[in-house]
Amino acid sequence: MPTPLPTGPLVTRGSLAADLRALGVEPGEILLVHTSLSRLGWVNGGAVTVVRALLDALGPAGTLAVPTQSGDLTDPSIWSNPAVPANWWPTIRATMPAYDPLTTPTLGVGVVPETVRTWPGALRSAHPQTSFAALGARAAEIVEGHAPDCRLGDRSPLARLEERGARVLLLGAGYDACTSFHLAEYRLPSPATEDAGRPGPAGWEHVTEVTISSERFDELGAAFEQDSPLVTRGRVGAADARLFPVDDAVAYATKWLAQNRPATP
Numbered sequence: 001m002p003t004p005l006p007t008g009p010l011v012t013r014g015s016l017a018a019d020l021r022a023l024g025v026e027p028g029e030i031l032l033v034h035t036s037l038s039r040l041g042w043v044n045g046g047a048v049t050v051v052r053a054l055l056d057a058l059g060p061a062g063t064l065a066v067p068t069q070s071g072d073l074t075d076p077s078i079w080s081n082p083a084v085p086a087n088w089w090p091t092i093r094a095t096m097p098a099y100d101p102l103t104t105p106t107l108g109v110g111v112v113p114e115t116v117r118t119w120p121g122a123l124r125s126a127h128p129q130t131s132f133a134a135l136g137a138r139a140a141e142i143v144e145g146h147a148p149d150c151r152l153g154d155r156s157p158l159a160r161l162e163e164r165g166a167r168v169l170l171l172g173a174g175y176d177a178c179t180s181f182h183l184a185e186y187r188l189p190s191p192a193t194e195d196a197g198r199p200g201p202a203g204w205e206h207v208t209e210v211t212i213s214s215e216r217f218d219e220l221g222a223a224f225e226q227d228s229p230l231v232t233r234g235r236v237g238a239a240d241a242r243l244f245p246v247d248d249a250v251a252y253a254t255k256w257l258a259q260n261r262p263a264t265p
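Counting along the sequence shown from 1, when you hit position 247 you're at 247 in the numbering used here, and nothing is skipped either side.
Because the hints were derived from the structure by calculation, they are not lab data. What you are looking at is a predicted structure, and each value in this text was computed from that prediction instead of being measured. Yeah, the Cβ is synthetic: ideal placement off N, Cα and C, and Gly gets one too. Treat the hints loosely; a few may be bogus.
[Said to hold, decoys possible] Using 20 Å as the maximum straight-line C-alpha spacing, the simulated SDA-like pairs for lysine to any residue come out as follows:
{"no.": "1", "residue 1": "255", "residue 2": "206"}
{"no.": "2", "residue 1": "255", "residue 2": "188"}
{"no.": "3", "residue 1": "255", "residue 2": "235"}
[As the list claims (entries may be wrong)] Quick list of the computed label-pair ranges, beta carbon to beta carbon:
{"no.": "4", "residue 1": "258", "residue 2": "91", "range": "41 to 47 Å"}
{"no.": "5", "residue 1": "222", "residue 2": "107", "range": "40 to 46 Å"}
{"no.": "6", "residue 1": "189", "residue 2": "227", "range": "20 to 26 Å"}
Whole structure, please, built from the sequences with the hints as guidance.
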């Protein structure tokens, strides 16, 4: 039986760029983008086309930022998808390659961030598990100074994006992927912390990190969208898209999380 033809829509670099402009993406702005390539339709050229369209919409003075997380650089004792035998843990810890911003691949954030990470001229921040990559005029400002013990807090690119008036673009992605909400977790009174094991340049290391979780981010996003006049909704290709300021999202999330997801005693 022949393979069914794709149902489309057929999406091109030009049509994506036009949709992004119609949504409200402005030349020269800083954009933190979370994507689901599969929801855009049949994209001619795949992730490369999506990146080119984003850069077209932003123009030469704009800056594109994406999360380039590498969550596999963690302690094997907490792995569950899949888990590994306990008698492997010491060897894994002793031999796991340390983070290298040039060569460590992304994990779990999709093909578009991986494409940005490897794009000519891309810069990447220093945190070994929750890095960001950026392209464009202000890329260095965004990624520099990412503290090794601050995954997504005030010493991470999220705070640099907030300070510089960046906006978030959810491109087929839901609010559960919105990293800006994690910055709000650091702003809560006495946030919980945890020990984070990972490979380092001198061997296995342990750091204390604020505990982060996307639990109830879908509810938080729905409430934010209902209450904030600054959330723009539209379609890009076949995907639902949302555009909103980082600072507005963080301020709203800080209040909402304190009221609706209080810290566990």
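Against the structure, the hints come out as follows:
For the proposed pair residue 255 and residue 206, the alpha carbon gap of about 31 Å is over 20 Å, so the pair is violated. Only pairs whose Cα atoms come within 20 Å are accepted, and residue 255 paired with residue 188 is accepted, the gap being roughly 9 Å. Our distance criterion of 20 Å between C-alpha atoms is broken by residue 255 and residue 235, whose separation comes to about 29 Å. The given range of 41 to 47 Å is respected by residue 258 and residue 91, whose C-beta atoms sit roughly 43 Å from each other.
Between residue 222 and residue 107 the Cβ separation comes to about 27 Å, which falls outside the hinted range of 40 to 46 Å. Between residue 189 and residue 227 the Cβ separation comes to about 22 Å, which falls inside the hinted range of 20 to 26 Å.
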